[in-house]
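J.: One letter stands for each residue in the lines below.
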Amino acid sequence: MRNGSDPVSLSSTGPDYFDIDPLLSEEERSIRAMVHDFVAAEVMPTIGENWLKGVFPSDLIPKMAQLGIFGPTLPEKYGGAGISQVAYGLIMQELERGDSGLRSFASVQSALAMHAIFRYGSEDQRLEWLPRMTRGEVIGCFGLTEPDAGSDPGTMRTRARRSGKGWVLNGAKRWITNSPIADVAIVWARDDEEKIRGFIVPKGTPGMSAPEIETKISMRASVTGDIILEDVEVGEEMRLPEAKSLGAPLSCLTQARFGIACGAVGAAMDCFNEALAYAQDRIAFGRPIAQTQLMQERLVDMLSRISRSQLVALRLAQLKEQDAHTYAQVSMAKRDNVRAALEVARMGRELLGGNGITVEYRAMRHSANLETVDTYEGTYEIHTLIVGRDITGLNALG
Amino acid sequence: MNVVVLVKQVPDTATRIKVSSGGVEIDPRGVNYVMNPYDEFAVEEALRVKELHGGQVTVLTVGGEKADEALRTALAMGADEAVRVSADAKDPLTTARAIASVVRELGPDLVIAGKQAVDDDQGQVGSLVAALLDWPQVTVVTELELSPEGGVAEREVEGGVEVVEFSLPAVLTAQKGLNEPRYASLPGIMKAKRKEIRQVAVDAAVTGEPVLRTTALHVPEERSAGIILRDMDAAALAKELVRLLHEEAKLI
Ligand SMILES: Cc1cc2nc3c(=O)[nH]c(=O)nc-3n(C[C@H](O)[C@H](O)[C@H](O)COP(=O)(O)OP(=O)(O)OC[C@H]3O[C@@H](n4cnc5c(N)ncnc54)[C@H](O)[C@@H]3O)c2cc1C
Ligand SMILES: Cc1cc2nc3c(=O)[nH]c(=O)nc-3n(C[C@H](O)[C@H](O)[C@H](O)COP(=O)(O)OP(=O)(O)OC[C@H]3O[C@@H](n4cnc5c(N)ncnc54)[C@H](O)[C@@H]3O)c2cc1C
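Going line by line, the protein sequences match chains C and E.
Take the first sequence: its letters are residues 1 to 398, numbered as in the working numbering.
Take the second sequence: its letters are residues 1 to 252, numbered as in the working numbering.
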């Protein structure tokens with residue numbers, strides 16, 4: 001009940017059909033409750049409208065920073081709070097219960113941009129950028145995908161050529177979340193030895209521009225753009241020293257995919273709560289539609305998928321906490337949880353009848369968003385082939 | 001200025017409440033518990049008092065181990081200390097006696113509580129504590145200004161605002177609108193985890209006998225679905241409406 005909302009309108013953090021809550025620590029539940037309340041009060045009232053207008057609610061950035069949810073797993077030295085992976089997953093879940101665009105914003109900031117600097121940057125680079133990024137003063141983006149290199153980033157064409165003591169970048173990145181509003185871009189490029197290198201490129205560096213892609217009919221409350229690099233000069237001190245191959249950006253993706261696997265569950269949970277309440281209220285043929293066999297089956301299907309996804313997300317987070325996870329497990333969780341969420345959202349949409357196609361209800365907004373989530377950070381097919389390779393030992397990717 | 005805030009853990013108002021088999025308590029299974037929303041205003045106000053005048057904020061609850069969660073939420077918002085009172089508190093008066101005995105020992109300048117708890121809506125505890133301590137009390141406060149000796153509070157009254165002056169120490173109860181409670185922050189939650197919650201047991205001689213006893217608890221009867229009149233002209237519609245109001249609703 002923040003910001004004048006009525007005390008009785010607090011919504012619950014469920015569904016939790018398999019009583020997973022007791023497996024969380026008190027602190028993890030508190031963190032979830034904090035983000036849940038924040039989203040309920042600050043995001044839900046306006047997200048439909050923002051989504052329709054194609055606007056990311058940027059007034060939320062300082063508020064999210066104040067909660068401490070940018071780079072929360074990082075050590076305190078860099079502005080983080082050293083929280084558990086389970087807690088991180090729950091933050092993603094609650095953000096995505098609001099909107100996938102909101103979770104994308106946080107994912108890109110924490111798991112892609114900040115993680116790249118934390119994992120592959122020098123100590124100077126970490127101290128320069130990370131604390132400001134946790135405070136939301138610097139917004140980051142992560143430029144890997146190109147117009148002609150999506151699923152296969154190894155074929156990227158963006159070039160980094162040595163020039164004196166520094167580097168000159170040329171090329172184009174496409175589909176980059178936050179690029180038009182970012183203060184700094186992590187740009188991946190191929191050097192003269194064909195090695196993939198990472199660079200920290202601040203906004204306003206001559207030759208760099210980031211036009212917005214304005215025709216999206218998915219993820220409308222998130223800003224997406226290009227990064228155009230024309231003879232962009234950066235010093236050697238802007239190169240991420242520990243990034244020496246394509247493995248570097250891919251390991252950042254593993255971070256972000258974990259967050260997505262947890263986040264997508266939140267969108268599905270929101271769709272289920274909406275659908276259940278609607279089905280109990282909506283009368284057709286003289287009874288609540290919840291009292292029909294077909295709608296009960298739909299609700300059960302939705303909740304079953306959610307329950308499975310919740311358990312997978314929790315277990316993955318536990319493994320990640322012990323650093324005992326594999327990237328193939330992350331792939332399976334991302335693939336399955338996102339596809340399940342997409343199916344749940346579509347089912348919720350159907351159950352809402354005509355109302356379901358409007359932004360006054362949430363299912364179709366979630367479902368449209370999840371089309372992106374199913375594609376980015378490795379498409380459903382790519383994750384199928386990553387897991388397939390892992391279990392057969394045979395590479396069918398390419 | 002030292003402030004004690006009274007907080008209570010209550011079911012999240014969005015959860016569907018079921019009565020347990022005994023018929024006088026709610027079934028705790030599947031219920032999500034949160035800090036009483038009005039207590040959030042109380043905690044926030046105490047934190048603002050501290051930020052302005054210095055001092056310490058102590059949050060206090062009467063309850064079992066589970067209630068620690070509400071205390072930790074307050075600690076995560078920025079409270080300095082937390083006390084959980086275990087006592088055989090069976091009604092508002094026994095609860096208030098337990099609280100008053102601990103507050104006496106803590107000796108704060110101010111006690112702030114929520115104006116009521118949204119679970120049982122008794123709205124008695126703040127007032128009873130003030131009476132037991134023989135301190136001034138101001139209820140349903142929407143605005144507060146303090147000086148070292150006393151304060152001025154605005155209270156909501158029907159159709160307007162009442163301004164009252166009081167001396168310290170005093171007990172206030174917080175109404176919605178008093179402030180905008182801050183969110184706990186992640187670093188706050190992490191710090192709260194490391195803080196110790198002091199446990200104080202108050203024995204039966206102090207809490208005494210309850211004066212109220214719950215004999216039954218009912219959930220509201222299901223409302224039947226509304227009726228929408230359509231496909232009629234105005235005259236027929238009016239006639240049907242009058243008939244329904246008279247025969248079915250028995251209102252006219
Ligand atoms: C809203 C949005 C935000 C994004 N944000 C970012 C960002 O911040 N940073 C970033 O770097 N990228 C970002 N992306 C890009 C995203 O990661 C890519 O779109 C994704 O990797 C897919 O690449 P592509 O679009 O080029 O599709 P393609 O690679 O062209 O794939 C097209 C289809 O072919 C299939 N396919 C491809 N190869 C195979 C194969 N070997 N076997 C079977 N099927 C195959 C794919 O599964 C897909 O169905 C974003 C995308 C969107 C839509
Ligand atoms: C863009 C748009 C344009 C439209 N244009 C027109 C128009 O020109 N003229 C017009 O008259 N109408 C129009 N409609 C209305 C449309 O036909 C209705 O939305 C549709 O009939 C479904 O009704 P409803 O939305 O009330 O959903 P509901 O009837 O409330 O159905 C909700 C859900 O319950 C399910 N359900 C209902 N009863 C049962 C049952 N017995 N067993 C199992 N499941 C059940 C439904 O399949 C659905 O999934 C339009 C709708 C839209 C979205």
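Simulated from the structure, these hints should not be mistaken for lab results.
There may be inaccurate statements among the hints.
Listed next, the in silico SDA-like pairs over lysine to any residue satisfying Cα-Cα at most 25 Å (straight line) [said to hold, decoys possible]: (1) Lys77/C with Asp109/E; (2) Lys50/E with Thr142/E; (3) Lys244/C with Glu137/C; (4) Lys195/C with Arg132/C; (5) Lys191/E with Pro288/C; (6) Lys66/E with Arg32/C; (7) Lys193/E with Glu81/E; (8) Lys63/C with Asp109/E; (9) Lys195/E with Ala67/E; (10) Lys165/C with Thr205/C; (11) Lys191/E with Lys244/C; (12) Lys239/E with Gly286/C; (13) Lys77/C with Glu247/E; (14) Lys66/E with Tyr17/C; (15) Lys193/E with Ser84/C; (16) Lys50/E with Ala204/E; (17) Lys18/E with Pro147/C; (18) Lys193/E with Arg135/C; (19) Lys66/E with Asp109/E; (20) Lys191/E with Glu81/E; (21) Lys193/E with Trp175/C; (22) Lys203/C with Ser122/C; (23) Lys191/E with Pro147/C; (24) Lys195/C with Pro131/C; (25) Lys195/E with Asp109/E; (26) Lys191/E with Arg132/C; (27) Lys63/C with Pro187/E; (28) Lys66/E with Ser25/C; (29) Lys193/E with Glu128/C; (30) Lys193/E with Glu321/C; (31) Lys66/E with Ser84/C; (32) Lys193/E with Lys203/C; (33) Lys18/E with Ile61/C; (34) Lys191/E with Gly82/C; (35) Lys216/C with Ala324/C.
In silico contact screen, one side only, chain E against chain C (beta carbon under 7 Å); selected entries [said to hold, decoys possible]: (36) Pro187; (37) Ile189; (38) Val202; (39) Ala204.
Glycine included, each C-beta is placed from N, C-alpha and C at the ideal position.
J.: Taking the hints in turn, state whether each one holds.
T.: Outcome of the hint check:
| no. | hint | result |
| --- | --- | --- |
| 1 | Lys77/C with Asp109/E | 38 Å, violated |
| 2 | Lys50/E with Thr142/E | 18 Å, holds |
| 3 | Lys244/C with Glu137/C | 29 Å, violated |
| 4 | Lys195/C with Arg132/C | 30 Å, violated |
| 5 | Lys191/E with Pro288/C | 48 Å, violated |
| 6 | Lys66/E with Arg32/C | 17 Å, holds |
| 7 | Lys193/E with Glu81/E | 12 Å, holds |
| 8 | Lys63/C with Asp109/E | 33 Å, violated |
| 9 | Lys195/E with Ala67/E | 15 Å, holds |
| 10 | Lys165/C with Thr205/C | 17 Å, holds |
| 11 | Lys191/E with Lys244/C | 38 Å, violated |
| 12 | Lys239/E with Gly286/C | 24 Å, holds |
| 13 | Lys77/C with Glu247/E | 73 Å, violated |
| 14 | Lys66/E with Tyr17/C | 21 Å, holds |
| 15 | Lys193/E with Ser84/C | 13 Å, holds |
| 16 | Lys50/E with Ala204/E | 34 Å, violated |
| 17 | Lys18/E with Pro147/C | 56 Å, violated |
| 18 | Lys193/E with Arg135/C | 22 Å, holds |
| 19 | Lys66/E with Asp109/E | 28 Å, violated |
| 20 | Lys191/E with Glu81/E | 12 Å, holds |
| 21 | Lys193/E with Trp175/C | 40 Å, violated |
| 22 | Lys203/C with Ser122/C | 20 Å, holds |
| 23 | Lys191/E with Pro147/C | 46 Å, violated |
| 24 | Lys195/C with Pro131/C | 29 Å, violated |
| 25 | Lys195/E with Asp109/E | 23 Å, holds |
| 26 | Lys191/E with Arg132/C | 21 Å, holds |
| 27 | Lys63/C with Pro187/E | 14 Å, holds |
| 28 | Lys66/E with Ser25/C | 13 Å, holds |
| 29 | Lys193/E with Glu128/C | 29 Å, violated |
| 30 | Lys193/E with Glu321/C | 19 Å, holds |
| 31 | Lys66/E with Ser84/C | 22 Å, holds |
| 32 | Lys193/E with Lys203/C | 39 Å, violated |
| 33 | Lys18/E with Ile61/C | 40 Å, violated |
| 34 | Lys191/E with Gly82/C | 11 Å, holds |
| 35 | Lys216/C with Ala324/C | 38 Å, violated |
| 36 | Pro187 | 5 Å, holds |
| 37 | Ile189 | 5 Å, holds |
| 38 | Val202 | 25 Å, violated |
| 39 | Ala204 | 30 Å, violated |
Hint compliance for this structure: hints 1, 3, 4, 5, 8, 11, 13, 16, 17, 19, 21, 23, 24, 29, 32, 33, 35, 38 and 39 are not met, and every other hint is.
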